[in-house]
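J.: In case you want the letters, here they are:
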Amino acid sequence: MKRFATIVTLAALVLLAVFLLYPLALVLDASFRIDGTGGLTLGNYAAIVKSRYYLGSIGNSLFCAALATAFACAIGIPLAFCLARIDIPGRALLLTLASLPLVLPSFVSAYALVLLFGHAGVVTTTLRGIGIPIGSIYGVPGIVIVFTLTLYPYVVMPVLAGFQAVDASMEEAARNLGGSRPYVIRTVLLPIVMPAILAGGLLVFIEALENFGVPAVLAEDRPFLAVDIFKLFAGESDANPAAAGALSVLLIACTAIALLVQRHYLGKRRFSTNARSAPAKLPLTPGLRLTATIVSWGIVIASLLPFTAVLMISLLRFRGPVLTWEFGLGNYATLLSGSYRPLLNTLTLASIAAVATMLIGAPIGYVVARHRSRLSGLLDFVGMVPFAVSGTILAIGLIIAFNSGPLILTGGWLILVIAYVVRKLPFAIRSSSAIVHQLDPSLEEASINLGVTPSKTFATLTVPLMASGLVGGLVLVWITAASELSATIVLYASGWVTTTVVMYHAIEGTGAGLAAAAAAVLILVTAIPLLLINRRINKQESTVI
Amino acid sequence: MTAIRIENLTRTFGAVRAVDDISLDIRHGELFTLLGPSGCGKTTLLRMIAGFVDVESGSICFDGRRIDALPAHRRDTGMVFQNYAIFPNHTVAENVAYGLRARKVPAAEIASRVDKALERVRLAGYGPRSPHQLSGGQLQRVAIARALVIEPAVLLFDEPLSNLDAQLRTEMRIEVRQLQQALGLTAIYVTHDQEEALAISDRIAVLRRGKIEQVDTPERIYRMPQTAFVAEFLGSTNMVPGIAGAFDGRNTPVAAAGTEFTVRGEVAAPGAPVLLSVRPEALRLRDGSGGSLVHARLALREFLGPVQRLHATLPDGTQIRISALGGQALDLLPGAPLSLAYDPAQITAYPAP
Numbered sequence: 020m021k022r023f024a025t026i027v028t029l030a031a032l033v034l035l036a037v038f039l040l041y042p043l044a045l046v047l048d049a050s051f052r053i054d055g056t057g058g059l060t061l062g063n064y065a066a067i068v069k070s071r072y073y074l075g076s077i078g079n080s081l082f083c084a085a086l087a088t089a090f091a092c093a094i095g096i097p098l099a100f101c102l103a104r105i106d107i108p109g110r111a112l113l114l115t116l117a118s119l120p121l122v123l124p125s126f127v128s129a130y131a132l133v134l135l136f137g138h139a140g141v142v143t144t145t146l147r148g149i150g151i152p153i154g155s156i157y158g159v160p161g162i163v164i165v166f167t168l169t170l171y172p173y174v175v176m177p178v179l180a181g182f183q184a185v186d187a188s189m190e191e192a193a194r195n196l197g198g199s200r201p202y203v204i205r206t207v208l209l210p211i212v213m214p215a216i217l218a219g220g221l222l223v224f225i226e227a228l229e230n231f232g233v234p235a236v237l238a239e240d241r242p243f244l245a246v247d248i249f250k251l252f253a254g255e256s257d258a259n260p261a262a263a264g265a266l267s268v269l270l271i272a273c274t275a276i277a278l279l280v281q282r283h284y285l286g287k288r289r290f291s292t293n294a295r296s297a298p299a300k301l302p303l304t305p306g307l308r309l310t311a312t313i314v315s316w317g318i319v320i321a322s323l324l325p326f327t328a329v330l331m332i333s334l335l336r337f338r339g340p341v342l343t344w345e346f347g348l349g350n351y352a353t354l355l356s357g358s359y360r361p362l363l364n365t366l367t368l369a370s371i372a373a374v375a376t377m378l379i380g381a382p383i384g385y386v387v388a389r390h391r392s393r394l395s396g397l398l399d400f401v402g403m404v405p406f407a408v409s410g411t412i413l414a415i416g417l418i419i420a421f422n423s424g425p426l427i428l429t430g431g432w433l434i435l436v437i438a439y440v441v442r443k444l445p446f447a448i449r450s451s452s453a454i455v456h457q458l459d460p461s462l463e464e465a466s467i468n469l470g471v472t473p474s475k476t477f478a479t480l481t482v483p484l485m486a487s488g489l490v491g492g493l494v495l496v497w498i499t500a501a502s503e504l505s506a507t508i509v510l511y512a513s514g515w516v517t518t519t520v521v522m523y524h525a526i527e528g529t530g531a532g533l534a535a536a537a538a539a540v541l542i543l544v545t546a547i548p549l550l551l552i553n554r555r556i557n558k559q560e561s562t563v564i
Numbered sequence: 507m508t509a510i511r512i513e514n515l516t517r518t519f520g521a522v523r524a525v526d527d528i529s530l531d532i533r534h535g536e537l538f539t540l541l542g543p544s545g546c547g548k549t550t551l552l553r554m555i556a557g558f559v560d561v562e563s564g565s566i567c568f569d570g571r572r573i574d575a576l577p578a579h580r581r582d583t584g585m586v587f588q589n590y591a592i593f594p595n596h597t598v599a600e601n602v603a604y605g606l607r608a609r610k611v612p613a614a615e616i617a618s619r620v621d622k623a624l625e626r627v628r629l630a631g632y633g634p635r636s637p638h639q640l641s642g643g644q645l646q647r648v649a650i651a652r653a654l655v656i657e658p659a660v661l662l663f664d665e666p667l668s669n670l671d672a673q674l675r676t677e678m679r680i681e682v683r684q685l686q687q688a689l690g691l692t693a694i695y696v697t698h699d700q701e702e703a704l705a706i707s708d709r710i711a712v713l714r715r716g717k718i719e720q721v722d723t724p725e726r727i728y729r730m731p732q733t734a735f736v737a738e739f740l741g742s743t744n745m746v747p748g749i750a751g752a753f754d755g756r757n758t759p760v761a762a763a764g765t766e767f768t769v770r771g772e773v774a775a776p777g778a779p780v781l782l783s784v785r786p787e788a789l790r791l792r793d794g795s796g797g798s799l800v801h802a803r804l805a806l807r808e809f810l811g812p813v814q815r816l817h818a819t820l821p822d823g824t825q826i827r828i829s830a831l832g833g834q835a836l837d838l839l840p841g842a843p844l845s846l847a848y849d850p851a852q853i854t855a856y857p858a859p
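Residue numbers (the numbering used here), protein chains in the order written: chain U, 20 to 564; chain Z, 507 to 859.
The reader is advised that the hints may include incorrect statements.
Okay, derived cross-link-like pairs now, DSSO-like style, lysine-lysine, Cα gap no bigger than 30 Å in a straight line [claimed, not checked]:
no.: 1; chain 1: U; residue 1: Lys21; chain 2: Z; residue 2: Lys610
no.: 2; chain 1: U; residue 1: Lys475; chain 2: Z; residue 2: Lys622
no.: 3; chain 1: Z; residue 1: Lys717; chain 2: U; residue 2: Lys21
no.: 4; chain 1: U; residue 1: Lys475; chain 2: Z; residue 2: Lys610
no.: 5; chain 1: Z; residue 1: Lys610; chain 2: Z; residue 2: Lys622
no.: 6; chain 1: U; residue 1: Lys250; chain 2: U; residue 2: Lys69
no.: 7; chain 1: U; residue 1: Lys475; chain 2: U; residue 2: Lys21
Computed from the model, here is a short list of chain Z residues facing chain U with C-beta under 8 Å [unchecked claim]:
no.: 8; residue: Thr583
no.: 9; residue: Met585
no.: 10; residue: Ala591
No wet-lab data here; the hints were simulated from the structure.
Nothing here was measured: the structure is a model prediction, and the numbers come from that model.
Just so you know, even glycine gets a beta-carbon here, dropped at the ideal spot from N, CA and C.
Modelling step: build the complete structure from the supplied sequences, incorporating the hints.
T.: The following block contains the structure:
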């Protein structure tokens, strides 16, 4: 058993060292060299500190991330509370819909905002037509809106679980001791769910800070870290890999600090109360219940509205950048007239990446959950590093690492798959170790005791028992890989253009109709498997229970 | 039928010596129980025999053959787990057949052996069922069948009955004992329940902090505990500290709790501090005289049906418990004086710690 764990751990560490740590080390190295390859220098950092543009870039990114975190908490916590404690009509459906924004591509939502409220947006032109001026949504306002509406489920999910994990007796005890309901919420409930709020909030912050697609669509000329890193590295005119490296290191530092703060805080506090009986739904007056219902549904619908808008707009005809009110499939014709290749690429790459990620992630998750040792602790830590690294930075590192030398990967499909696998690995590890935690270790011991070798036990007993959870993980990895933009845009080569790349270039250029069609395809590609798996997961759960 | 020899077995976790230099000889066909409070090392010792915990030093032999370096899946032990560990993705029959398949037994033989094993645990016909259709007691029987069917060298039980309710537990322990005797298998049984241990074991080892306190038959463990810990752990005894007096050639008087107890034999040098173990059933309520006597005052009476338990106060205020039969009519109020008769041979003395 130990040998199996050691082999998995070592293999995983080697893989992560080659495809994650080594590329990142090269980015770090480049940030300390003149022009990225010359002698050692601190000049790249000095240039950033002296530059108002780059300081503005860092400031904008941090400001947007912080604001989005605050707003996501502001709508996420009440929504979680309503879902946990108020009898809202259609609660189950609402819960499913509320988790959708997490897997739908956020830059599509950003593009929807452009289509609706941009310079030539539907709403903008309509309002202007009847004489109502409308402010610009480009820059901070639009970016914060999109981040809030796409990332708030990160707050809702853990906080909802937190509210449901508070045993009914906890609240009853507080009430019995004379606390009024608001007093009890403030002194008992909120402190108990505080770690969940913090965990969710920091996730929003990190995701917002790293996100490339949303500012790429909405920033226009305003500086944003993730976009600037990309432009400095891949830009045609003003490429500066050294500055890109330095900005990357600063971005990783920000996300790493956020991650460490979260770990430190959560490590010290444990407020699980082993809920036996879930707290009862709050008795509310019809008026209050109606308000809660409207607010909850309102939040969720608002977050999904941009996606529906894109789906509808993709069916309208564009005349140049200007939208008309004529129906037609012209946009899709344009999208597919060139070739089916981008769509095919998206599906192929996502499939390979999803299978590879789960094949690598499941044994790691198993070892991390089952065999505590110094080595597996190291693996657990390294396996979480991709959380703190944006796709763009990882892609840059991969290019520096595998553009020359013994292993040349640039220009092919494999480097894209590697980037997806590394980026989604923390998710695969977390989800499979969560499943393993729920499996009784004595099941495996019983199998070994009956004469089956540990590795065969893992393959024939543990994996089938993990299967339902692994399938769910596989689909989620598939979806997020299919809509990946930040690493793809750096790594793709001519033969391996994906739908996201087509959409990005269409937005950059003037192909508004093309972009809308590509966005619609991305929504369908991500939403359909999710709905399929949702039914399957429900079925599996009912048979397991 | 396997004899097990364990020599100088040690295992530490950090600073804790979970199993501390334990040596044991377990005979052919014996049901041998490891008994002790939680954290005494009994489960660690069992898991070392099964191969789930590495041996740090010392050796384990089955019939003179060292097995402690073998991986767990080649030790040929059949283990029954505390939470049954029935594979939820297999049927009952598949669960029982699991070990036979691993041993590459021909399919036809598997079917007949599985049927026989299920019959033995009174689950004939349950083969095609799914585990979640079975009750806790039935799952426990499947676990036992699964361990028996491979005809292992040794059966290992890790607190197998602790998840069952009290009545089922007493029924199942009889079944376990009868199966083990019928098949003549050597079995090691871990429990923290002293009654269970006394009821089914051929011999018991009482463990404390990774060390063996005493190895003996149930009767001798109960009647002649060699240490104060064993006396206290088996049955709820009264432990009374005292000072030994002069040995009179037959008994030793011990001054304790403001009165004097007479103990058979020479227990300690005069003036030495000792600890007396006085079992609740060793004290009898007497109105008349005769035998050795101590005086106490009734504090509280618990009527428990078949027995009643009296809580009494010795002259210096020490609380003791006395067992009396439930049928005995006692018309006593708290505060009433009690005369308690006892046989000096039934009181054991230990050197004070």
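J.: Okay, which hints does this one fail, numbers in order?
T.: none
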